[in-house]
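Generate coordinates for the entire structure from the input sequences, incorporating the hints supplied.
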Amino acid sequence: MTLHGFILRNALRNKRRLTLTVFSVALSLFLFTVLQTALRELTEPPEIDDAALRLVVRHKVSLANVLPQKYQSRIERIPGVKWCSKFTWFGGIYIDEKNFFSQFACDADCLFNIFTEARVAPEQREAFVKEKTACIVGWKTMQRFGWKLGDKITLLGTAWPCDLELVIRGVYYGGIDETNMFFHHDYLDEALGKWSVAGMFWLRAENAEVMPELIERIDKMFANSAAATKTETERAFQLGFLSWFGNVRVLIGSICSVVVFTMILVTASTMGMTIRERAREIAVIKAIGFNARQVFALIVAESFGLAIAGGLIGCFGALFIANHFDIYSLSRGFFVKFEVTPQIIATGLLISVALGVFSGLVPAYGAIRASVVERLRAPE
Amino acid sequence: MAEPIVQIRDLSRVYRHGDIEVVALNRVSLDICQGEFVALMGPSGSGKSTLLHIIAGIDRATSGLCVVQGVNVGELSETDLAEWRKQHVGFVFQTFNLIPVLTAYENVELPLLLTQLSAGERREHVEAALGLVGLADRMDHRPGQLSGGQEQRVAIARALVTDPTLIVADEPTGNLDAHSAADVLGLLQQLNRDAGKTIILVTHDPKAAAHAGRMVHLEKGELLNGERK
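Protein sequence lines, in the order shown, are assigned to chains A and B. Read in order, the letters of the first sequence are residues 0 to 379 in numbering that gives the first Met the number 0. Read in order, the letters of the second sequence are residues 0 to 228 in numbering that gives the first Met the number 0.
Rather than coming from a laboratory, the hints here were simulated on the basis of the structure. Worth double-checking, as some hints may not be accurate.
[Unchecked claim] Which residues of chain B face chain A? A few of them, derived with a C-beta cut under 7 Å, are:
(1) 57
(2) 61
(3) 71
(4) 74
(5) 84
(6) 85
(7) 90
(8) 100
(9) 105
(10) 108
(11) 110
(12) 113
[Unchecked claim] Pair ranges (Cβ atoms, derived):
(13) 247(A) <-> 118(B): 51 to 59 Å
(14) 356(A) <-> 64(B): 47 to 55 Å
(15) 178(B) <-> 275(A): 16 to 24 Å
(16) 12(A) <-> 64(B): 37 to 45 Å
(17) 356(A) <-> 219(B): 44 to 52 Å
(18) 376(A) <-> 117(B): 12 to 20 Å
(19) 360(A) <-> 62(B): 31 to 39 Å
(20) 12(A) <-> 28(B): 42 to 50 Å
(21) 28(B) <-> 360(A): 41 to 49 Å
(22) 356(A) <-> 140(B): 34 to 42 Å
(23) 18(B) <-> 261(A): 41 to 49 Å
(24) 322(A) <-> 162(B): 52 to 60 Å
[Stated by the list, open to error] Residues from chain A that keep clear of chain B, each with C-beta distances beyond 10 Å, as calculated:
(25) 1
(26) 42
(27) 67
(28) 108
(29) 109
(30) 120
(31) 193
(32) 237
Even glycine gets a Cβ: it sits at the ideal position worked out from N, Cα and C.
What follows is the structure, given as structure tokens:
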């Protein structure tokens, strides 16, 4: 036997209590990891290089307000604008509400000149551009519903008073979000009876240097019109979009704090109970020569082991779930990505280490301070 | 006579609980020589266990001197005292106090985990100690699988395994039947006689005390027939 073996034997002496405590720590760290990952996905949208030259022009008041389509020709004439596309979120239902995925009406001929990171087979892109009722779908959504090229898809209108019948002519890969559907804005205009509006405009600038000037110029151009615009970079747009969810950071931070605090209470209570039950044994090992530092280390090591076991199970359990389950489907499209990063796991494990140490501190201190004689005399 | 291994001079121990003072020991003086088997006898509350605990270094005197093999144990820090106990004292308790999740072998090995001995060297010591108490065939048994007498013999092996200067036994037969008690006391006698171990036994039982070479009587914290110099 070694001292490590002795610690392990002590930890395993009450298997039910050990299992329940490790499980509760694991569950808490699992929840912590999932919440931190969700927070990261909500507040730190992924960045890609191709997004650096993109701008979004939307209604100044709200994303829910629309802009006149006639703005497009004026925007396109501004020096520095390379490509400009109408972009309108459709929000239709495919068979059932739970089959959520995003659908956008756009200018088919220039969409992939703006979103250059997306990869589409040339013939599919051509077929998409040529046919008014065609659509291009991200491969994740294709896989989710088992669609094939040529399939007809009906979308029931919710935000817009029309239903659309589309034919899948292409699949795209790459980019931040591989779940969207894109179709012709002309088709939507026709179905709406020529409303001549667009949700927003997406632009690609000639180069990075002109972007600040473009932002200022576009907004100034429409500042005194009925539909004033707000032009911003793609990054700023994503972050602004996420602010719809309110102060998510505070909410999730609060929940995580409560989770961690509860873990401390559970583990500290378990260790306190365990050490009280072993008071006489601790007195005996002190009598046979274990000094205060060694007794302290034995108790804190046991607490540490318990907490780290729970931490490993919880954090890596969350990683396993994120990597092996379709979170996009489970969240009904809310989370396009759900990446449990090494930083989040490291934070979770660090918390479990701190938990283990702190939970053992008070019982260990009590144990080393206790009188050997009094503990030996105490009734069993 | 051999030089005293334990020298106690005017030792007192007073317990204070608020305004209440309990004099457990009152100016006790005593010498114990190397190789002696001494029984500390007296009724309950006489201070015999208190005296034993001070000699063994798990309690501190309020005043007076306790020197064991030239070391004034009252002046050692807690860390040094633990180290001193590890090297010089083997404990045998009334309630055996074996660790229930460890086997007999592991219980005896426990004090050796604090030494620099290798696993092989530890095995030699443990097997020798268990062989001495006649339990070499029970090494892998846990305390719950042993009788009371066997448990106490394992406890004696644990006390012996570090080859301590002193073996202190606090009512070692208090929880045993007559037959097991006789076995344990016979074992202690054998260790004293054949291995030359210095043994201090606390007991209120004259039959147990009769196994010792010398009896020292305490009553109300004072020696009745102790040696005073």
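Structure-based check of each hint:
1. 57: 4 Å, holds
2. 61: This hint is violated: residue 61(B) lies away from chain A, its Cβ roughly 14 Å from the closest one there, beyond 7 Å.
3. 71: Residue 71(B) check fails; min Cβ-Cβ to chain A is 19 Å, beyond 7 Å.
4. 74: 17 Å, violated
5. 84: 5 Å, holds
6. 85: 3 Å, holds
7. 90: 5 Å, holds
8. 100: 5 Å, holds
9. 105: 5 Å, holds
10. 108: 6 Å, holds
11. 110: 5 Å, holds
12. 113: The hint holds - residue 113(B) has a Cβ within 7 Å of chain A, the shortest such distance being about 5 Å.
13. 247(A) <-> 118(B): 51 to 59 Å: 56 Å, holds
14. 356(A) <-> 64(B): 47 to 55 Å: With Cβ atoms ~42 Å apart, the hint is violated.
15. 178(B) <-> 275(A): 16 to 24 Å: Distance hint for residue 178(B), residue 275(A) is violated at roughly 36 Å.
16. 12(A) <-> 64(B): 37 to 45 Å: 42 Å, holds
17. 356(A) <-> 219(B): 44 to 52 Å: This hint holds: roughly 48 Å between Cβ atoms.
18. 376(A) <-> 117(B): 12 to 20 Å: Since residue 376(A) and residue 117(B) have Cβ atoms about 37 Å apart, the given range 12 to 20 Å is violated.
19. 360(A) <-> 62(B): 31 to 39 Å: Check passed, 35 Å falls within 31 to 39 Å.
20. 12(A) <-> 28(B): 42 to 50 Å: The hinted range 42 to 50 Å holds for residue 12(A) and residue 28(B), with Cβ atoms some 45 Å apart.
21. 28(B) <-> 360(A): 41 to 49 Å: 43 Å, holds
22. 356(A) <-> 140(B): 34 to 42 Å: Distance hint for residue 356(A), residue 140(B) holds at roughly 36 Å.
23. 18(B) <-> 261(A): 41 to 49 Å: Between residue 18(B) and residue 261(A), where Cβ atoms are some 44 Å apart, the hint holds.
24. 322(A) <-> 162(B): 52 to 60 Å: 58 Å, holds
25. 1: 7 Å, violated
26. 42: 48 Å, holds
27. 67: Holds: least Cβ distance 80 Å, greater than 10 Å.
28. 108: 76 Å, holds
29. 109: For residue 109(A), whose nearest Cβ neighbour in chain B is about 74 Å away, the distance exceeds 10 Å, so it holds.
30. 120: 67 Å, holds
31. 193: The assertion about residue 193(A) holds, with a minimum of 83 Å to chain B.
32. 237: 57 Å, holds
The structure does not agree with the numbered hints 2, 3, 4, 14, 15, 18 and 25 stated previously, though it agrees with the rest.
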